[in-house]
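Novice: Order-wise, the sequence lines are chains F and A. With full-length UniProt numbering, the residue at position 442 of the first sequence is 442, and numbering never jumps. With full-length UniProt numbering, the residue at position 347 of the second sequence is 347, and numbering never jumps.
Mixed in with the good hints, there may be bad ones.
As the list claims (entries may be wrong) - Pairwise CB distance ranges (calculated): (1) A/His433 with F/Glu594: 17 to 27 Å; (2) F/Gly136 with A/Ser199: 23 to 33 Å; (3) F/Lys596 with A/Thr447: 26 to 36 Å; (4) F/Leu34 with A/His448: 56 to 66 Å; (5) A/Ala79 with F/Leu531: 55 to 65 Å; (6) F/Lys596 with A/Ala388: 26 to 36 Å; (7) F/Pro238 with A/Ser101: 57 to 67 Å.
Don't read these hints as lab results, they were simulated from the structure. Since the structure is predicted, the reported quantities are computational estimates derived from the model, not experimental observations. Using N, Cα and C, we set each Cβ at its ideal position, and we do this for glycine too.
The residues making up each chain are set out below.
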Amino acid sequence: ETRTTFNRGPQRSFECMWRDMGNAVASIAWAVLLLPPITAVFVIISRFSLLHPIQAVSECLSFLTSASAIFSFILLCGVIIMVGFLNLEYYTVIPTIACSKIALLGQLLHPRQFVNSLGHCIMGIIVAWCCAITVGGRYETIADPCAQGDGSPQMCLNEYHLILLLAGAFVGFSHSLLGVIYNMNYVSFHTVQQYKYLRFKGSLSLVLKCSATQALYSVRNYIVVYFFLGKWSLSVHPLDSIAGLLDLSLLYHLWISASFLLFTWHLTLLLFRVFVTEVYSFPVQSSFTEDAHQCLPTVLTDKQPMILKFLALLDLALLSQHSPSRRSEVFSLSQPGGHPHNWNAISKECLSLLADLTQRLIAYHDTVATNGRAKSLSTGSERKTSSESSGMFPRPTLLMKTPASVFARSIVGCPQSPLTAPFTPDLDSPFASPALRRLTAPMDQCSPWFGTVQSPHIMRRVPKLWSTSTGEKSQALFADSQAHIWALEGLSYLVQSSFSEDQFGVVQTALPSILSCMLGLQEAVDRHFKLPHASSKPVRSASSMGDSTHKTLRFALRATLKTSIYRITTTFGNHLNAVKMSAEHRKRLQQFLEYKE
Amino acid sequence: MQLYPVVTQITAIWTNFLFHTFTTYSTICTRDSNTVYCHINLLSCSYIYQLMSFYINSPLSCAVVVPKWLSVSSGCTLALLRWFSSFHGSLFPHLTVSCMSSEDMLAEFSQVLNWSDCVVRAFAWHPHTDKFAVALLDDSIKIYNPKSATTPTLKHRLQRSVAAVQWKPLCATALAVACQNCLLVWHVDPCSLSTRPSSGCAQVLSHPGHSPITSIAWSPSGSLLVSASPMDTAMMVWDVASESGVPLQRVGGGGVTFLSWSPDGSHVLASTPSALFRVWETRMWTCERWPCVKGRCQSGCWSPDGSRLLFTVQGETVIYALTFTDTPAGVPTCTSKGSQAAAVVADLSETTFNTPDGDIIVGGEIQSLAWDPTGERLAVLLKGDPQAADRPAIIAVFKTRTNPIFELLPCGFVQGEPGTEPRLMQFHPNFQHGALLTVCWSSGRITHMPFYFLSAGVPHFGLSGSPSLPRPQERPADFAKQSLFTELMS
């Protein structure tokens with residue numbers, strides 16, 4: 001047993017990596033397969049003219065078979081593959097929530113983010129070059145022959161080509177920045193399970209709409225920037241004038257190129273999300289010891305990688321709800337020995353997840369109550385020690401880190417707050433350097449940053465930039481709550497079905513601890529929602545590729561928790577009076593039995 | 001070729017006056033068998049059964065005479081035609097129902113009889129306790145609880161033209177309300193003494209194009225809420241806590257009018273304004289299409305174990321049944337496969353009865369169906385004819401049995417005081433001594449009618465949210481000598 005435990009570490013991570021890579025590769029392959037029709041549509045849209053439709057179509061056809069078209073198509077495929085791998089490299093199942101504006105700035109200036117932005121810039125330029133080839137005409141080449149004063153032919157800069165290339169870089173860069181602001185790398189799981197194709201089809205129109213609107217805004221911003229900065233000495237047609245930039249055909253081509261670029265990238269992202277969150281059915285138990293590490297109880301208890309733990313929890317929630325035969329495996333006893341190893345492992349892991357959240361909420365509440373001076377940071381750093389990152393999954397243990405960021409600056413407006421305070425993510429990142437310290441050090445009140453501060457009355461408050469909103473801190477506390485939701489669902493459905501299906505009574509022994517854990521969490525959640533702003537609803541951003549599911553996770557958790565307790569109380573009814581528990585919990589349980597919660 | 005003729009005795013005895021028994025042979029084919037008969041059935045669910053019930057005595061005789069190529073090609077043509085006609089509806093749902101205002105639409109598709117002038121527009125028992133919510137003509141909702149002295153009144157500026165209300169299962173507080181332009185989910189604290197909860201207690205769920213909402217249904221596990229609008233081709237599945245909705249769109253039908261979630265949580269019935277309804281399985285959210293011959297599916301209800309669906313079609317006077325059998329557990333792809341065709345289980349054609357007050361004609365089109373949670377009583381609200389005095393709207397009650405064979409026996413009628421007609425009915429979700437039917441009358445009165453009986457079998461809900469505790473076996477002594485009890489209001 002010891003030997004296998006020792007051996008399976010690297011093997012498992014390799015397999016996980018492989019599974020994950022497989023999914024990612026499949027999604028990239030689909031994105032590449034979808035590229036030809038999208039490109040064809042783009043060619044038609046960009047070259048179509050109302051006056052000469054037949055001529056335009058024949059031109060499109062001849063272009064599509066030309067060598068330059070094929071070359072640019074190969075380049076586009078390369079970009080899509082690159083985007084796909086960047087998605088894989090940067091995605092996370094636990095969102096990074098910036099508790100303040102400065103923390104967000106910290107994320108944007110993070111070296112990792114810098115690499116990401118640079119990559120997107122370069123890919124943007126490549127796509128824009130392909131677009132320039134596709135649109136053709138005046139956009140096609142970077143240098144145009146032009147006659148000088150003395151009549152000798154000379155090559156001049158074609159600014160139409162340049163403006164398109166720079167637009168690609170700008171859109172790529174802004175896409176990367178918006179990705180951080182809207183948490184685009186966050187992959188959320190849906191409550192409604194659908195097959196991959198249907199999920200993809202359902203989101204397609206949204207992706208198209210998002211791409212078109214985001215392209216519109218990006219182009220608008222780009223035009224403004226270009227108007228002020230785009231001075232090229234060697235240009236034939238200088239475009240940095242209002243008249244030059246208000247060329248409708250130019251704007252149209254900029255917009256459709258940007259839309260094409262964003263659509264292909266968003267599509268790759270959508271496919272990636274659909275593939276990576278696909279339900280995976282883990283075996284509950286295996287008769288071979290070498291497969292034991294792939295079984296649900298083992299995968300559940302693993303810390304790494306996060307995506308696998310999430311998939312295992314999702315599978316647990318589904319099997320407990322839908323699959324009697326797999327439930328019977330959970331309730332079964334080991335042969336030989338007669339121990340309910342499966343149930344023990346699953347229930348223990350779920351309970352420890354829930355207990356962890358309860359502790360986190362209690363600690364947060366205590367820090368708020370004691371003005372945030374005591375023990376908050378120690379909690380954070382303690383948790384931090386358990387974190388380590390693997391190459392494949394870059395932000396694996398945000399689960400552990402998020403609370404630290406929340407505790408770090410729990411009291412708004414304490415001028416002696418620790419230096420690293422307002423930064424949400426990596427406290428140990430290279431960014432936590434002297435440069436950062438300068439930024440985060442308590443600001444001199446007459447600093448130009450805070451010029452708007454006028455009266456001493458206002459000066460006593462902490463400037464807006466630094467202050468953290470309680471709603472966002474609440475979001476950060478519940479950032480990984482999808483795991484808790486599945487744990488609650490899994491446990492409660494298993495307990496419910498144990499009433500009729502559990503032949504050996506394995507669940508009964510754990511019932512007191514499950515109930516007390518849930519009731520304890522209920523108490524903590526109730527207390528948390530009594531804090532100011534914790535129950536305020538976030539504003540929804542309707543049309544963006546970013547996922548805002550994380551903003552409402554705490555409400556989902558609260559609802560699931562209540563439903564789970566009700567599920568147990570309605571199943572067992574007054575039998576629960578025989579379960580041993582503290583007087584406090586008994587009182588709470590009675591409320592549930594009488595339907596008064 | 002696999003044909004399993006299963007003899008199902010469908011006994012429909014229509015009281016003493018109309019004693020009419022007929023026996024049909026329903027045929028269940030496996031899905032993989034490509035027999036002629038099944039093929040036709042796949043395309044037109046109830047068509048064969050209609051033919052069978054009304055014109056032909058033995059369905060098996062008609063199954064073998066058609067050459068296969070002919071049936072396949074004609075079947076394909078038929079399917080193509082159907083598909084195109086349904087596509088028309090889905091592309092232009094406005095055309096199908098365009099001549100209606102949204103109030104008319106609500107009245108047309110509501111389960112309430114004459115919804116527009118009805119004082120009680122919606123009614124909902126709480127699934128676990130003895131409280132209920134009533135939506136009134138003035139768009140307010142009142143919550144009555146025998147254990148509480150206060151009667152909270154819910155008002156909201158968006159709460160207009162309430163078509164349906166339903167309490168969230170496994171929750172004491174949440175009440176979903178289908179309104180004209182949105183969906184409201186109220187959170188009413190049962191311990192609160194406030195009589196006017198503020199509109200801050202209500203969550204507003206809306207989606208562009210998804211209005212007016214005519215039907216809602218909570219999953220029995222309390223996790224999801226589905227809503228339907230005849231103007232929206234997509235059915236919305238809501239995660240209420242996070243206020244996010246997933247539209248589930250399918251080609252054909254044009255809009256969704258009525259929803260019913262099976263008590264075991266495995267299926268959802270979704271009917272459309274055209275002659276087509278769907279049955280969704282709720283695990284991967286795929287659906288089966290069921291085209292009807294005549295009209296749209298008007299109402300439907302599920303047996304307590306979720307294995308049988310009874311439904312009625314507009315313009316017809318019969319009740320159809322569909323069965324859904326569970327596949328071996330653990331098969332991840334598809335949770336269940338249903339039968340291939342709907343069977344007629346009851347014929348409610350017009351019949352004349354001699355009563356002390358004169359002859360009345362009972363029967364005709366059906367407004368709504370309700371099946372009690374023990375699966376032993378079925379209430380059918382018959383539309384009647386408001387113009388003719390001798391054709392009142394009336395509730396017919398049947399005794400039902402699902403095991404070992406499905407049986408439907410007439411039990412009696414529920415009629416109101418002179419001049420009133422039943423508008424809306426619902427069974428109490430957990431009445432201890434049998435079944436309790438609550439009826440809302442045109443006069444605004446709400447009455448509860450108990451049916452005392454000893455439940456034959458303990459229903460096993462399995463996954464449903466309802467308690468699977470054994471029902472109390474002891475029966476109060478004073479009920480012991482009573483035979484089947486039907487209360488006639490007169």
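Novice: None of the hints should be skipped; say for each whether it holds.
Specialist: Hint check results:
Look at histidine 433 of chain A against glutamate 594 of chain F: about 21 Å separates their beta carbons, and that is inside 17 to 27 Å. Look at glycine 136 of chain F against serine 199 of chain A: about 58 Å separates their beta carbons, and that is not inside 23 to 33 Å. At about 28 Å, the beta-carbon gap between lysine 596 of chain F and threonine 447 of chain A stays in the expected band of 26 to 36 Å. Judged by the Cβ atoms, the range 56 to 66 Å given for leucine 34 of chain F and histidine 448 of chain A holds: they are separated by roughly 59 Å.
A hinted range of 55 to 65 Å holds for the C-beta pair alanine 79 of chain A and leucine 531 of chain F, which are about 59 Å apart. Remark: the range hint 26 to 36 Å for lysine 596 of chain F to alanine 388 of chain A is contradicted by a beta-carbon distance near 50 Å. Evaluation of the 57 to 67 Å hint for proline 238 of chain F and serine 101 of chain A yields a pass: the beta carbon distance comes to about 59 Å.
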